[in-house]
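Enquirer: For chain A, the structure is supplied; the task is to place chain B on it using the hints.
These protein sequences, in sequence, are chains A and B.
Just remember that the working numbering sits 96 ahead of the position in the first sequence, which is counted from 1.
Just remember that the working numbering sits 172 ahead of the position in the second sequence, which is counted from 1.
Just so you know, these hints were derived from the structure itself, not from any lab.
All residues carry an ideal CB built from backbone N, CA and C; glycine is no exception.
Possibly wrong hints are sitting among the right ones.
As the list claims (entries may be wrong) - Derived BS3-like pairs (lysine-lysine); straight-line CA-CA distance at most 25 Å:
#, chain 1, residue 1, chain 2, residue 2
1, B, LYS311, A, LYS294
2, B, LYS328, B, LYS314
3, A, LYS294, B, LYS328
4, B, LYS427, B, LYS382
5, B, LYS330, B, LYS305
6, B, LYS427, B, LYS314
7, A, LYS294, B, LYS330
8, B, LYS314, B, LYS326
9, B, LYS439, B, LYS427
10, B, LYS314, B, LYS219
11, B, LYS382, B, LYS218
12, B, LYS314, A, LYS294
13, B, LYS413, B, LYS427
14, A, LYS294, B, LYS305
15, B, LYS427, B, LYS198
What the hints assert, rightly or not - Here are the in silico distance ranges between beta carbons for each label pair:
#, chain 1, residue 1, chain 2, residue 2, range
16, A, PRO288, B, SER205, 19 to 29 Å
17, B, GLU435, A, PHE217, 51 to 61 Å
18, A, PHE194, B, ARG251, 28 to 38 Å
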Amino acid sequence: MNQSGLEHPKLERQPMEPRALKSIVLSGITIVCAITACIPLFSVLLMLVYRGGKRLSFQLFYTLPPGAFDGPGVGGFGNAIVGTAFMVGIAGLISVPFGILAAIYLAELDPHSKVSEIARFCAKTMTGLPSIIAGVFAYAVVVLVMGHYSAWAGGIALSLLMLPTVMLTAEEAIKMVPNPMREAAYGMGCTPSQSLTKVILPVAMPSIITGVVLAVARAAGETAPLLFTALFSESWLAPNNPTASLAVLIYNWSSSPYQNLIELAWAASLILVVLVFVLNIISRSIGGKTKL
Amino acid sequence: MEALEEVDANEAYENDLPTDIALDCKAERIYYSDFLAVRDSHVPIKKNQITGFIGPSGCGKSTVIKSINRMNDLIRGFRFVGNIHFHGVNIYADNIDPVSVRRNIGMVFQQPNPFSMSIFENVAFGLRLNRYKGNMQEKVEKALRSAALWKEVKDKLKNNGLSLSGGQQQRLCIARAIATEPRVILMDEPCSALDPIATRQIEELMVELKKQFTVAIVTHNMQQAMRVADQTAFFGVDISKGGRTGYLVEMGPTKELFENPQEELTKEYLQGEFS
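In isolation and in its complexed conformation, chain A is listed as follows:
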């Protein structure tokens, strides 16, 4: 018996109380939503493995596309893999140095100047740029001037899409370097460039690389900018000529009437998605190494 004569307070769980029930139901809904968010990726992956997995072989990587009347199971798309790699490489060579140098100016040298404000605003707008516009732009500026479709034009179109991502993530990465590090560098008598190269960039580098890898992953999957610039090709890479890419290959072949090409398009989709998946995992593991 309770000595004070009052009832014992109820401290046990009361799962059937309305309050508890509400909490259980709401938690349940959030869990379901969180799981649902994973469904698209996994169902896409499953379907790609199911439809494209059977054509997966090393042959795909080193053979050229089949002719329309080749038998089933013949041919590959080595040229498209090389083409995608080449164009993304060009895009990276343009956008990475550009983006990082611009980010250094934005984050470190003069963050509040008019130039910085304008550049930052432009970059943010550019991240929302429809990718087909990048293609049309590169078409007008490169293809029309050169007179033919080329891997160069494709690379330039992709670089337009990568640049803002690289620039903004690098700016963010540099800004994230804690101020005491900066003070330490200046306090030791570093010039601004010494503090950048010896202290700030080494600390920011993992995050910068993460941004670059994500930009590469995005560029590798872009189709629209390449339709106007690199077009497609059935032969091996020749940078001055139309160039094959995985994304455009999928677009072209998935609507073809030939079963063989459709199967190859599925296999190409699988490879592309796995590539993006792997790049994301790489970027996560590099990002995790940031040591402050």
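Expert: Relative to the frame of chain A, chain B by itself:
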């Protein structure tokens, strides 16, 4: 005020510092944009002594000390009116390179801030900046010994500086600052992030360091000022004009200032009537 008397007594002051003054800081006004942070603070810092800066929060003592090696240049809107004489030049003159100033006036910060590199490289950092060509090993060891850290780290010089404890990190920062043998070392509340044992070690270290260097230290802790400082500058806050402007209330030898303060404000502060 004692500080002013000292100046008045020295007629040749404008051109020549009295020989026992390492650095003469005359902060007439310090602004952050429109905000007047500090006014009328003349702090002569004596050679091979420890000068303590004490006062309530917001009194501008950190602002003043960070002005001495032009760290505040990094803050947007910072403006220094006045002059700081150091080895015959005004370090706020237009032709002065703040980077060279900082190479001669080292600084230790409130939060230990070693670089994310090895202990050895942290100490060698400033030497490399100055393109030191001699025996790096020897110099690093000497700096670590002077910072009373050598025994603890001599077997793990390759470990990251951030792997050390807070007190060790702060002594590493001191080693880093003295490795290049600056004339003056500024310390901005160097012990406020440390436990009492680490604090005691740093204090002993400061007393050791003044044989070779001139030291200026900002501290929140009056006992610390009493323990280590030879000269103490007491700053107050003036809220009369709506803002919060710090200024030097009085300055003198630590013992005199604590035992016989000339100003009412100092007396009240030392008795703990406000903080």
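Enquirer: Against this structure, judge whether each hint is valid.
Expert: Against the structure, the hints come out as follows:
1. As the CA atoms of B/LYS311 and A/LYS294 are separated by approximately 20 Å, the hinted pair is consistent with the 25 Å bound.
2. For the proposed pair B/LYS328 and B/LYS314, the alpha carbon gap of about 16 Å is at most 25 Å, so the pair holds.
3. Distance hint between A/LYS294 and B/LYS328 is fulfilled; the C-alpha atoms sit about 22 Å from each other, no more than 25 Å.
4. A hinted pair counts as satisfied when its Cα atoms are at most 25 Å apart, and B/LYS427 with B/LYS382 qualifies at roughly 18 Å.
5. For the proposed pair B/LYS330 and B/LYS305, the alpha carbon gap of about 21 Å is at most 25 Å, so the pair holds.
6. A distance of roughly 33 Å separates the Cα atoms of B/LYS427 and B/LYS314; the hinted pair therefore is violated under the 25 Å criterion.
7. Proximity of A/LYS294 to B/LYS330 is assessed by CA-CA distance (about 18 Å); at most 25 Å being required, the pair is judged to hold.
8. Among the hinted pairs, B/LYS314 with B/LYS326 is consistent with the structure: their alpha-carbon atoms are about 11 Å apart, no more than 25 Å.
9. Under the criterion of a C-alpha separation no larger than 25 Å, the hint pairing B/LYS439 with B/LYS427 is consistent with the structure, at around 13 Å.
10. With a CA separation close to 22 Å, the supplied pair B/LYS314 and B/LYS219 stays within the 25 Å bound.
11. Restraint check for B/LYS382 and B/LYS218: satisfied, since their Cα atoms lie roughly 10 Å apart, inside the 25 Å limit.
12. Taking the CA atoms of B/LYS314 and A/LYS294, the gap is near 23 Å; set against the 25 Å cutoff, the hint holds.
13. With a C-alpha separation of about 33 Å, the suggested pair B/LYS413 and B/LYS427 falls outside the 25 Å cut-off, and the hint is violated.
14. Restraint check for A/LYS294 and B/LYS305: the C-alpha separation of about 19 Å stays at or below 25 Å, so the hint holds.
15. With a C-alpha separation of about 23 Å, the suggested pair B/LYS427 and B/LYS198 falls inside the 25 Å cut-off, and the hint holds.
16. Checked against the hint of 19 to 29 Å, the C-beta distance between A/PRO288 and B/SER205 comes to roughly 22 Å, which is consistent with it.
17. The hinted range of 51 to 61 Å is satisfied by B/GLU435 and A/PHE217, whose Cβ atoms lie roughly 53 Å apart.
18. A hinted range of 28 to 38 Å for the beta carbons of A/PHE194 and B/ARG251 is consistent with their spacing of about 35 Å.
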